[in-house]
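*Asks:* Line by line, the protein sequences give chains A and B. So in our numbering, the last one in the first sequence is 633, and the numbering has no gaps at all. So in our numbering, the last one in the second sequence is 680, and the numbering has no gaps at all.
It is possible that part of the hints are untrue.
Said to hold, decoys possible - Once the Cα atoms are required to be at most 27 Å apart in a straight line, the calculated DSSO-like pairs of lysine-lysine come out as:
hint, chain 1, residue 1, chain 2, residue 2
1, B, Lys44, A, Lys530
2, A, Lys431, B, Lys44
3, B, Lys215, A, Lys385
4, A, Lys424, A, Lys457
5, A, Lys465, B, Lys44
6, A, Lys624, A, Lys195
7, A, Lys528, B, Lys324
8, B, Lys56, A, Lys465
9, A, Lys530, B, Lys403
10, A, Lys408, A, Lys83
11, A, Lys176, A, Lys77
12, B, Lys69, A, Lys385
13, B, Lys69, B, Lys200
14, B, Lys111, B, Lys69
15, A, Lys297, A, Lys402
16, A, Lys528, B, Lys215
17, B, Lys178, B, Lys111
18, B, Lys215, A, Lys465
19, A, Lys385, B, Lys56
20, B, Lys403, B, Lys542
21, B, Lys324, A, Lys599
22, B, Lys56, B, Lys69
23, B, Lys44, A, Lys402
24, B, Lys44, A, Lys424
25, A, Lys528, B, Lys44
To be verified - A partial selection of chain B residues facing chain A, derived with a Cβ cut-off under 10 Å:
hint, residue
26, Arg318
27, Asn326
28, Cys328
29, Leu332
I should point out that these hints are in silico values taken from the structure, not numbers from a laboratory. Ideal placement from N, C-alpha and C gives every residue a C-beta, glycine not left out.
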Amino acid sequence: MASNSSGGSDRQRVAQQRLRIITGHLQGREEGDSTIIAAECKAEGSQTYVSREEGKTVPRRRQEIMKWNGWGYSDTKFLFNKKGQAEFTGKRYRLSGMIIPALKEWFEGTFGASMQHKSPAAPVLNSGAVQPPTLNEAFLEELKSTGIPFSHDAEDRVYRAHGHCLHEIFALREGKVGRVPDMVVWPNCHDDVVKIVELACKHDVCLIPYGGGTSVSSGLECPTEETRCIVSVDTSQMNRILWIDEKNLTAHVEAGIVGQDLERLLNESGYCTGHEPDSMEFSSLGGWVATRASGMKKNIYGNIEDLVVHVKMVTPQGVIEKSCRGPRMSTGPDIHHFIMGSEGTLGVVTEVTMKIRPMPEYQKYGSVVFPNFEQGVACLREVAKQRCAPASIRLMDNEQFKFGHALKPQVSSMFTSFLDGLKKFYVTKFKGFDPDRLCVATLLFEGGREKVLQHEKQVYDIAAKFGGLAAGEDNGQRGYMLTFVIAYLRDLGMEYYVIGESFETSVPWDRVLDICRNVKARIIGECKNKGVQFQPLSTCRVTQTYDTGACVYFYFAFNYRGLSDPVHVYEQVERAAREEILANGGSLSHHHGVGKLRKEWMRETVSNVGMGMLQSVKDYVDPKNIFGNRNLL
Amino acid sequence: MSNTYRESCGAGLENEEFVDILEERRHSSDLGHALRTFSPHPYKGAESCSNADLNKAVLESQYLRYIAKEIAAETGSSVEEVREEACGILEEMSQNLQLKCIRLMGFTLSKVLKRLYSGIFVNMEGLNMLQQSIQEHPVILMPNHRSYMDFLIISYIMFTYDIPMPFIAAGIPLAGMKLVGQVLRRSGAFFIRRAIGSDKLYWAVLSEYVRTIVKTGIAPLEFFVEGLRSRTLKSVMPKLGMMHMVMEPFFKGEVYDITLIPISISYDRVLEESLLAHELLGIPKPKESTTALLKASKVLQEDYGSMHVNFGRPMSVRHLCEGKINRCQYNLVPRDLPQKPSVEVQACVSWLANLMVRVQEEGSVMGPWALMACLLLQAPTIVLTEEGLPWQELTDKTLWLRKLALDFGARLNWPSGQGQAPDTDVMSSTVALHGSVVNRKSGRVFLVQEEEPARNRPISPEEEMISTAAAVLMLASYRNMSLYIFVRPALLATALHITKTTQKDELLAFFCFLRDVFSNEFIFIPGNSSQDFEEACFLLKKCGAIHVSEQEVTVSDAGLEVLSFLQALLQPFIDTYQVIFRYLCENEVHVHAEKQFLTAVRNLATELILSGELHTYEALSSDTHKNVLSALQRLDTVTKSRASEQNEYTVNKAAVRRIDDILSGKIPPQMLHTTPEAKL
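Isolated chain A (complex conformation) (with noise of 0.2 Å):
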């Protein structure tokens, strides 16, 4: 249908949208760099393909452009206007400006939430609910000494003390500040680190490295048991691309540059590493690298640990990388390996040598309805055994479905509108598809143009021997498009009673549909038991395919009108989903990371000895703890 028509201009618009989206991130930066001070930074390699004054996403002082209590820029938000109509405000995403009529129909039917109770977030950050730092006098003097721009304001400290994690942002939400750094450092190369990491040791400061601060896992959290000055080591200001390698196809890269700028400077050589995990406006290479990221273009591009070519961690025993940049080795256990997944426990990440690819040439998106669930799931299970899976292949669920159509923004002609109704019809009435079931598959193509359209024939075929109906691009554009917005969306939500969260596992393909329906009936009893007032939102998509199984997304969110302690509930709804997920094969986590908050399950995963493995490499590389975030063992 949708698909047949859009003509040969159609699919380079689209393609260039994309594009826009990307750089679309990028407004408004100009006037966050006029505050970094540049400390030039002796580096080898000294020739760098773009210099810091170009311009970079996140400045020094985060608090000029990003909000301290929910998730992303300051001027970028859900609300509901005047009128009562939700409404996304700002100027970088697609859908911002724009009118979403459906949203508020669908946010009070599902959550049974009110315009009328409101549970607004505190204002501003009282810097009097901060803690005064414990400083340890002699290595601030040694610091100073160095040159490394450091902080200990209240408010750097209180925006490096956390992640994403609900109960994280609930308690500031509420003006409750923790444990926090004492104090923030902003090393601008990698001889900056190995300066900051020997000092620390000589005198026993705790460091906790800090990338984009997108962690879901409890992972920069301090530990509250921890006595000693805690110093956060901001890698946001090393975000250099060193050197480009079109030989070899490789890029030099300096570890805290984010995301976005890594595939913008990258683009604009014509080059990109097709690493695009969901939180890629903010999130770091060394965060990547640290928590063994992944990435939505995986089936093209690989996951970190297949994209990372060579590694240089500083630890307090020194500095730990490869010799050479052999595409593979055979020389014991990788000792890439041992960094991967380290989440800070071993050091910081300071350089990352990874692999790059030309551009595609083509980009088109498109989408797949299903009668139901069970055949979609059936579908991708095809897609990935005949290994034909599109650049991204994501399956929703009918809530998930529901809640990408409500977030449809208003139609600009009488016609669209006159088509939406059409298609409708056709998928409800003709084909018979029942509303409440059907599920929507959203793809991404990508690559030669001719390559392009005959992959997607050919996974149009699959899908439609299993009853699956082409829908068109905008669907599927539509559901990536959320994945950056839905973050958002929680900030929304908490302004109305309504929590939520994601998480994630990786599942054998035979269990994919047993998981899913037991993880959300298990999140519906649980709520139900722990006195929830509201039947909750319990939904999933299957976001990755493998070869032997598939990546598992649940959204969780709930109205706690009427309980005392929600956050507390929350936890214990989430951590029953977890019980589940193991009890049904899936894994403790494909992509976010143990951090604190799985740290209980990681016994049983690993085994003891496996354990005591890690712990060993614990002890030698880092025998008096400074790097003491406590994550994973």
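Once you have looked at the hints, place chain B on chain A.
*Replies:* Coordinates of chain B only, in the frame set by chain A:
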């Protein structure tokens, strides 16, 4: 529903309302009932699936394909042959539920039930909960099994109240009956062979069939966890195979939860009473055939009182298994492959199966007859056959026992009427109903002796004994219906009687010993011995029979009557066990073939009864004989082996003697292990 009827007695009941479902049938057309619109609300997750689809899914399952390959490799036959065989097994097994047939069944049953029963009482609350549960998760209906009637009564009720028709697990002999087999199959019965043993393919087909039904939730599954119809009207130790198959989809995460519905069916009078008694005496049960059924149709002319069907509170397997099962154990092997259940899983299944039987017991409704049978059996048999038991004595004692039973929390069906129906009327009509067992003549109650149709020769003492024994065993069966309520206090009473100690820990040790020896006889939940002991103490204290302190249990003056009643209740079992223990110890051989053993024991018991050394005719019950063997096996004093045609048992005489000695009080209780669950 006009004739609503409240249980007279409050103990343990929250005024549950039982409704006589026959009442409406007596006032409106049976045909109308049979042709009613049947539109149940099925399980919401179920996909509509025909019987043929179900069978196809089973045959094409990865599990069966795997097993077929494995068997082909072992036996040297081709995979095709094995699969064909599997197909044959499935054909023999599978149900073919058809609404038409249900309607026919419904019509016939309406007629039959009205003739047989004065009322069929169903608790509406339980039925409503069931209706709700069926929509939420796959449901397993678990009735107790006392009569052939059990088979269809559940389906009949489900049909009447618009609840999806169950698939019912039945024994294969039923399938062999002409017509009846077909009718049952079309009413949703599927048939399982007895003694499957090590037939791998059969197990595979059966378990895949059951698992598919549960997993897809296409229909509620009904099965008798006791496996067989109880010959003694006592609960039977549950069979674990089916229970495990039913639970597996939950363990493996294939369903979110499974709901178990315990159902207690209680009869005032059981259709097969005399048949069962004869079976127990070794007079073989007639083959299940249609002609036999027609012959038995004379039973249709008699009155069988009323029937209670109590649908228990739905029980969530997920909830029950919390903390008992680590479901991660299925993570590393494909769930479709055969996997031996772990020790943990076996223990959990066994615990749950026993729990279900206990819940069935608790839910059963006991009539006056069960209490009267207890008392009748405590009179010497000779009194019952010759001079008769004074009616007044029996009724006084029955009223006393009624109070005790209520104290112990029994659900009694004792019609209290509108104030004016005196208790004696209730007891009179009860005795009248059971004219096949006792009769009342000139103020005395006698045991009914079987009349030989042609008495042209003097009857031998053995023949006379058989006739008395049949009546005693019938009486014993009705007594058994009340045992579950008394058994825990009775074990304690016996412990007090045998050990003569007051030390609580010693009593606990002896209590556990008794519980262990008799756990093939009565249902105890594995691992619950301390709770059982506490319960026994609590109940005896409640009725004023004992004083309990931190260390001591002492008998109160007023308690003697209760304690001696309870102890006498168990005496027939203890006597029978001891006869067999002694037989095993004194016999020269160490190895016994099963058939010969059973005959020898029966002969020995006959001899002892005739000589007056043994007072209980219950020692003739083959059911008890088999239970002793199983108990000894469980206690590792007898080992079973299979030799040529039948089972052989090798006896460790010293160990058996020790058990006998403890039971006789020759070994002081201090010498017993005090840990509750320790093996002897």
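*Asks:* Among all the numbered hints in the text so far, which are the ones the structure does not match?
*Replies:* 9, 14
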